[in-house]
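Sequences are here, hints too, so could you generate the full structure?
2 protein chains.
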Amino acid sequence: MPGSKAPEEERRQQILAAAFQVAGTQGLAETTILQVAAAAGVSPGLIIFHFKSRRQLLLALLEELLATTTVLRAEVPVEASATPETKLLAALRQEIQRLTGEPLRIRLTFDYWMAGVRDAETRERLKAEFSRYRQAFRPLAEAVLQANPDRFPGVTADGLAGLSVSLIKGCAVQSMIDPEHFDVNEYFTAASGLLAGAARDGSTNAAS
Amino acid sequence: MPGSKAPEEERRQQILAAAFQVAGTQGLAETTILQVAAAAGVSPGLIIFHFKSRRQLLLALLEELLATTTVLRAEVPVEASATPETKLLAALRQEIQRLTGEPLRIRLTFDYWMAGVRDAETRERLKAEFSRYRQAFRPLAEAVLQANPDRFPGVTADGLAGLSVSLIKGCAVQSMIDPEHFDVNEYFTAASGLLAGAARDGSTNAAS
DNA sequence: CACCTTATTGACGAGCCGTTCAATACGGAG
DNA sequence: CTCCGTATTGAACGGCTCGTCAATAAGGTG
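Protein sequences, first through last, are from chains A and B. Residues in the first sequence are numbered consecutively from 1, following this note's numbering. Residues in the second sequence are numbered consecutively from 1, following this note's numbering.
Partial pick of chain B residues on the chain A-facing surface, computed with a CB cut under 7 Å: (1) R107; (2) C171; (3) Q174; (4) T189.
Label pairs and their in silico Cβ distance ranges: (5) B:R55 with A:T32: 15 to 23 Å; (6) A:P139 with B:D183: 15 to 23 Å; (7) B:L34 with A:E63: 31 to 39 Å; (8) B:G101 with A:K127: 19 to 27 Å; (9) B:Q97 with A:P153: 18 to 26 Å; (10) B:E10 with A:R151: 54 to 62 Å; (11) A:E102 with B:P103: 27 to 35 Å; (12) B:R55 with A:R55: 22 to 30 Å.
Calculated Cβ distances over 10 Å to all of chain A for the following chain B residues: (13) R11; (14) A40; (15) P44.
Bear in mind the hints are in silico, worked out from the structure with no lab data behind them. The model shown is predicted, which means the values in this text are computed figures rather than measured ones. Note that beta-carbon positions come from the ideal geometry of N, C-alpha and C, so glycine has one too.
Now the structure itself:
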């Protein structure tokens with residue numbers, strides 16, 4: 001006996017929310033339609049009705065995941081008088097801290113990343129998203145290079161932006177498996193020392 | 001009708017080699033005993049006979065993976081007269097280049113990394129291995145800090161070593177999904193500029 | 001009220017998968 | 001040669017999964 005009806009979009013959201021919970025805790029490969037159905041409180045058949053197949057359910061979940069992930073808001077909270085190095089560092093710190101605060105999101109994102117190695121559609125989607133992400137760092141990197149024309153010989157803005165993104169990804173990977181031992185401040189201090197001796201104590205206001 | 005017998009260790013190696021191939025190409029979650037058996041040319045039952053369960057087969061494969069992975073050989077090929085910065089950079093470059101040259105190994109390692117999020121035994125094994133890896137960078141990082149006592153205020157050797165490892169991991173993650181577009185030299189140049197203006201053109205000998 | 005589109009259910013089949021197990025062949029010890 | 005432990009096979013079992021489908025309820029429309 002069927003239950004109460006719900007609008008198309010509302011049901012999809014409900015199912016995707018359940019899928020997010022299941023996939024985030026159990027892992028993407030172990031996420032089954034029956035578990036998602038149980039978590040959402042609906043029948044398994046209904047999930048196939050709204051998303052046609054398990055694969056498309058997971059692709060829809062990837063879209064939801066990327067759409068609801070706030071990446072690098074342009075307004076990094078830092079004084080306008082700060083040096084370019086300080087601004088880039090503030091962005092790095094903000095991103096690293098944000099990542100460690102949403103473990104479910106990190107795990108799920110990397111689950112999709114691994115799936116993208118084999119699945120072309122997932123891979124292209126992720127490549128596009130993280131290309132955007134790297135582009136968001138480009139102006140910050142460019143400002144740093146222009147402020148120090150003599151230092152950084154041969155370094156391109158794309159290179160510095162890519163390096164920043166890789167560092168963030170590496171920290172995310174690290175924090176995934178060892179969240180306790182991962183010390184944001186220690187990493188940030190080391191990065192500060194690398195980027196510039198001038199930007200060392202500009203924004204030591206966040207607690208550990 | 002059973003086939004020819006083989007010594008215990010030899011059979012295990014044969015099966016593990018097949019498992020490595022299957023897991024490296026199809027992914028860890030999709031690696032089934034039947035596929036490994038087919039790849040090894042033996043019956044499924046034989047795999048359970050030598051490794052008692054699928055789980056233990058995969059744990060044995062993890063051991064094999066870590067045992068046969070050459071990490072950061074102590075003798076980094078660099079002139080003894082080089083600065084500490086150059087030595088650390090040479091180690092970074094060597095590791096990043098090594099990673100991009102063995103895609104199967106990277107994929108498999110990160111597959112286990114994701115599995116380690118849920119499986120405690122896998123997680124502890126990986127934590128131990130990458131702690132060793134970070135320790136291998138510590139003396140290099142310490143030398144850099146001692147050579148520049150005024151720069152890097154408040155930066156610890158552990159922090160700089162951890163940052164180096166995170167950067168390597170980030171590059172590995174990046175190269176996994178976009179191996180073509182990943183430019184080792186661009187990243188390396190950017191890292192050189194960050195670490196020291198002095199070590200900029202010390203080892204630009206590798207082709208792109 | 002009558003009707004028709006749509007949402008929802010739960011049972012079902014086909015297909016894998018991991019593991020168990022009886023049967024069987026091999027190879028060395030006596 | 002005989003015998004016995006061990007390696008090896010392949011079939012069989014139980015369980016889980018995805019996707020299909022007929023049956024059924026819900027809700028808007030006339």
